[in-house]
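Each protein sequence line maps, in turn, to chains V and B. Numbering-wise, the first sequence is residues 1 to 249 according to this note's numbering. Numbering-wise, the second sequence is residues 1 to 249 according to this note's numbering.
Among these hints, one or two may not hold up.
Each pair may be met inside one copy or between any two copies, as identical chains are not told apart.
Quick list of in silico lysine-lysine cross-link-like pairs, PhoX-like style, CA-CA up to 20 Å [what the hints assert, rightly or not]:
no.	residue 1	residue 2
1	LYS149	LYS236
2	LYS38	LYS84
3	LYS233	LYS38
4	LYS38	LYS51
5	LYS57	LYS38
Hints are computed from structural coordinates only; laboratory data are not their basis.
Protein chains: 2
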Amino acid sequence: MKCFDTHIHSEGRSVEDLTAMANEGIKAAITCAFYPIKPMFQETLIDLFRKLIDFEKYRGKKTGMEIHTAIGIHPRCIPPTYTKVLEMMEGMDSTAFGEIGLEDATQEEIEVFESQLKLAIRVDKPCIIHTPRNNKKEVTKKTFGILEKIGFPETLAVIDHVSLETVETVLKANYIAGLTVQPGKLREEEVVTIVEEHGFENFILNSDTGFSPSDMFAVVKTVNVLIEKFDKKDVKRVAWENGMRFFRI
Amino acid sequence: MKCFDTHIHSEGRSVEDLTAMANEGIKAAITCAFYPIKPMFQETLIDLFRKLIDFEKYRGKKTGMEIHTAIGIHPRCIPPTYTKVLEMMEGMDSTAFGEIGLEDATQEEIEVFESQLKLAIRVDKPCIIHTPRNNKKEVTKKTFGILEKIGFPETLAVIDHVSLETVETVLKANYIAGLTVQPGKLREEEVVTIVEEHGFENFILNSDTGFSPSDMFAVVKTVNVLIEKFDKKDVKRVAWENGMRFFRI
Chain V
1 MKCFDTHIHS
11 EGRSVEDLTA
21 MANEGIKAAI
31 TCAFYPIKPM
41 FQETLIDLFR
51 KLIDFEKYRG
61 KKTGMEIHTA
71 IGIHPRCIPP
81 TYTKVLEMME
91 GMDSTAFGEI
101 GLEDATQEEI
111 EVFESQLKLA
121 IRVDKPCIIH
131 TPRNNKKEVT
141 KKTFGILEKI
151 GFPETLAVID
161 HVSLETVETV
171 LKANYIAGLT
181 VQPGKLREEE
191 VVTIVEEHGF
201 ENFILNSDTG
211 FSPSDMFAVV
221 KTVNVLIEKF
231 DKKDVKRVAW
241 ENGMRFFRI
Chain B
1 MKCFDTHIHS
11 EGRSVEDLTA
21 MANEGIKAAI
31 TCAFYPIKPM
41 FQETLIDLFR
51 KLIDFEKYRG
61 KKTGMEIHTA
71 IGIHPRCIPP
81 TYTKVLEMME
91 GMDSTAFGEI
101 GLEDATQEEI
111 EVFESQLKLA
121 IRVDKPCIIH
131 TPRNNKKEVT
141 KKTFGILEKI
151 GFPETLAVID
161 HVSLETVETV
171 LKANYIAGLT
181 VQPGKLREEE
191 VVTIVEEHGF
201 ENFILNSDTG
211 FSPSDMFAVV
221 KTVNVLIEKF
231 DKKDVKRVAW
241 ENGMRFFRI
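Let's have the full structure, built from the sequences with the hints guiding it.
Here's what the structure looks like:
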């Protein structure tokens, strides 16, 4: 079954890795913006977005994986100023904004997040919203507070890296939930537990594979586990269709 | 035998790739600056250098490979202005400038190359000097012209990616020659031919592995071929010692 890995950092993967992923069935992916150090200059992010849109798509094409691009300011790499970044994000040819969101929920992070959400409303752009490993429940709640405060459309938000603890609140608030299968995040069996309880409608799968050691086949492996237990039509929804619809591809 | 890959682009390799390289014996490498699209802003290169110095070294450490950093403006990624880049290069904690040099030998490339060479003289920094795949002989000659014109010290220059056609002129001019083993560049047997004829003193080995599909084990494989045919002491010089001495590590 062909798979859509809705959140990777393709820059951290060699072209041979991307080829191996495509050969295993990952025929589409969204590569999310991230800079592995705190940039000194906002210009660095603008060129990063250009790199994702031009070079990463091109690398994907060579491997048989359609790479779509999410651009945005990750909370861990906020430059000293970012007005030009926001200006550029408005016009650039991206599939989504992401990953954006809160890490430590500082005032600076909240401002950057809000600015990007407001821009997303204006240009009608789907957003990949990160939730952190630490204090996930609390920060997810703060994230909802911001989304609600500015009246962010539920149809534009995927809340990513949900846990067993946060999944229910995400669904109750009518957002799409991103199931990230990776050591330290969800295990395959936890995905089984989640869809057993909540169905297949509001989930998308991803691996978050990138700069760190990671299982780049996590989505395929999860799909294979799901196929053993559930109807193929249902599995196809989380493996491919829900993501394609949400990101309007 | 432990190997020193004197020219890679570690950013194009996943952390698992770097681990595999280290496990095969590549215990040290120099990662060279390159941006896979033409940057719109010079600031992008400054943050790139910071990334190479901080993040790539850190990634290397995790894998058992000591990654040293070469910073500089590659002829294929010259930003619209670069005065700030040169200023920053002067003070940054790099092992070398590289890769720098000529690709098409345009006037702009020549100016950027010369500026960096002059800076290298001033701060006494070894330089990794690229020669292109096309018109290698002719562009190598132009490169020599520039080096001679500004009186560049031979002890600071490795002329990289030499071919069977250019190796002799490089040695005659008293530069170190970089033997890049990779499809489209040198084959292992060609390295054998070269050291048979010219000895081991003035060569360093590298793979140039990075963003494109490439044999990341090329240096180890070459060293294994050399060990079959030559004295281990000699092989050790091209595999490790010459590079360590040239780059003053």
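Right, here's what the structure says about each hint:
1. LYS149 with LYS236: This pair counts as neither: shortest intra-copy Cα distance 34 Å, inter-copy 66 Å.
2. LYS38 with LYS84: Result: close both inside a copy and across copies, 17 Å intra and 19 Å inter.
3. LYS233 with LYS38: neither (43 Å within a copy, 44 Å between copies)
4. LYS38 with LYS51: Both, since 18 Å and 9 Å are each at most 20 Å.
5. LYS57 with LYS38: between (24 Å within a copy, 16 Å between copies)
Going down the numbered hints, you'll see the structure goes against 1, 3, while the others check out.
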